[in-house]
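Visitor: Chain by chain, the residues:
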Amino acid sequence: MINKSLKQLGAMLQGKEISSVELTQEFLNRIDRLNPAINAFITLDKDRTLAQAKRADEMLSAGKGTALTGLPIGQKDIFVAKGWRTTCGSKMLETFIGPYDADIIERFDASGAVNLGKTNMDEFAMGSSNETSYFGKVQNPWDRSRVPGGSSGGSAAAVAARLCAAATGTDTGGSIRQPASLCGLSGLKPTYGLASRFGMIAFASSLDQSGPMAKSCEDMALMMNVITGFDKRDSTSLNREKEDYTRDLNKPLAGLKVGLPKEYFAEGLGADVAKVVQEAIAEYKKLGAEMVDISLPNTQLSIPVYYVLAPAEASSNLSRFDGVRYGHRAKEYGDLMDMYCKSRAEGFGAEVKRRILIGTYVLSAGYYDAYYLKAQQIRRLIAQDFENAFKQCDIIMGPTAPSTAFKTGETADDPVAMYLQDIYTIAVNLAGLPGMSIPAGFAPSEDGKRLPVGLQIIGNYFDEARMLNAGHAYQQATDWHTQMPEGIE
Amino acid sequence: MSLNSADIKRIAHLARIEVNDTEAEATLSKLTGILGLIEQMQAVDTTGIVPMSHSQDVTQRLREDVVTETNQRELFQSIAPSVEEGLYLVPKVIE
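Residue numbers (numbering that gives the first Met the number 0), protein chains in the order written: chain D, 0 to 488; chain S, 0 to 94.
What the hints contain is simulated information worked out from the structure, not anything from laboratory work. There's no promise every hint is true.
Chain D is faced by these chain S residues, among others (derived, beta-carbon under 8 Å) [what the hints assert, rightly or not]:
no., residue
1, L13
2, A14
3, V18
4, T45
5, S52
6, S54
7, L74
8, G85
9, Y87
10, V92
Backbone N, C-alpha and C fix where the C-beta goes; we use that ideal spot for every residue, glycine too.
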């Protein structure tokens, strides 16, 4: 049962083969057994969770169920949830209890889905390995000595270990797609502005976007129907008509023009990853897709641009943690300034501090034009690369990450090496485009483990339905997405 | 642009984060690496390019100037580090 999709479990609930309370309890039991080692969840609240399941059963009995009613979903601990501890992976928020619900939490609640618990993440979503979490590292279920990716590493590991039916993530520079790739699941970052950021603890506001992490594209389409929609409480939320993201799932792919950016297959891409991605592309040709060579010439610049813009926005966003209204306050301090400085020094971890310092520096007097403005100018060049590319193709494909999951501790001490993990994902956030990763196969590690490889699919603005169509067609023809790691029975 | 340990302390003060000398030294090497990465931008000619802050061409929405929020002081102060009689407590700033 644990390997069933949201769609299948939903049908079982609707058909009264199982109740939401039973299903939820099954996943809670699995969490009890497997989470102490994997550490995918930071906070559980079984009473609250089971009360929600009970309510879902009532909705189903009353014939008021929706596609997600009664399904247990892991929520990334970046989303504020009323009455739930919400830590964002930080000591700063170790005791923070959400006083309200994030938009995404409200939407899942309204659909009747069950909040199974809050998943682990890199502190304030800053990281690509889940090693910066104050609440400990997360194991990759495919090889416990390796990282699950980040920042939505807890969500990815939870879905991979079948501790939940699906989970939510957020993606500022690749934080949904890269862990999805490393853990062998499907993850989608929507077009910027489709999902509300209200109640999602801010990292880099002009890049942050939430999205689904699930076992299949069909499941992600169901979740997209819940997650997206206008919210007046988010000033960047787009007021568009609601879409049904399942509408194009079964369209044939014949004639689909797929762009292959030469920069995504150049130096820096691991040979084992390249091989799997090429095989996936061959499969797409069989499905009738047509390959087009394209170029995204400014790809390399996306990393320096990102490491100006994201820290700059973060330094501003994280200034709210002052030890006055909520969050950590130092035990001992002198005057007000000392209280700020000590509370923040104690509450933030090393990577978060580094990014705040970088952001503070690039925004400081005299440097604004050289760094921030320059980065925003190059950001436009990067967006124009995609605009030009989409004149030649419908969607773009390439690797999600340059390598498979790396060993825990391998790059933890070298921020620049860690940043290069996001070389194929960051430009998508800078341009505000939708991007997703789907399982495309495995590459063997040197010690014989099977490590998942993700195929990235990038669409034009608001083209999520077409991307999901492309992903679903592939998942009908292959079974990479249904494979499970060993040792999670 | 190369930084030194004193620069780190100055930036940390602007960011309201306390750093001691050892931390400043350790941070210096990491930040120098990151700034080296960022420096790649300077090779690009960006003359005349309009900076991009958002991907969609959107303007700030306006709303009616009416009260929309209710007072939830007790709820919000229940998670504050230090409060008294409805006020947030901080060290004395005015003698």
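Visitor: Next, verify each hint and record whether it holds.
Guide: Against the structure, the hints:
no.: 1; hint: L13; verdict: holds (5 Å)
no.: 2; hint: A14; verdict: holds (4 Å)
no.: 3; hint: V18; verdict: holds (7 Å)
no.: 4; hint: T45; verdict: holds (4 Å)
no.: 5; hint: S52; verdict: holds (6 Å)
no.: 6; hint: S54; verdict: holds (2 Å)
no.: 7; hint: L74; verdict: holds (5 Å)
no.: 8; hint: G85; verdict: violated (13 Å)
no.: 9; hint: Y87; verdict: holds (5 Å)
no.: 10; hint: V92; verdict: holds (5 Å)
When each numbered hint is compared with the structure, a violation occurs for hint 8 only.
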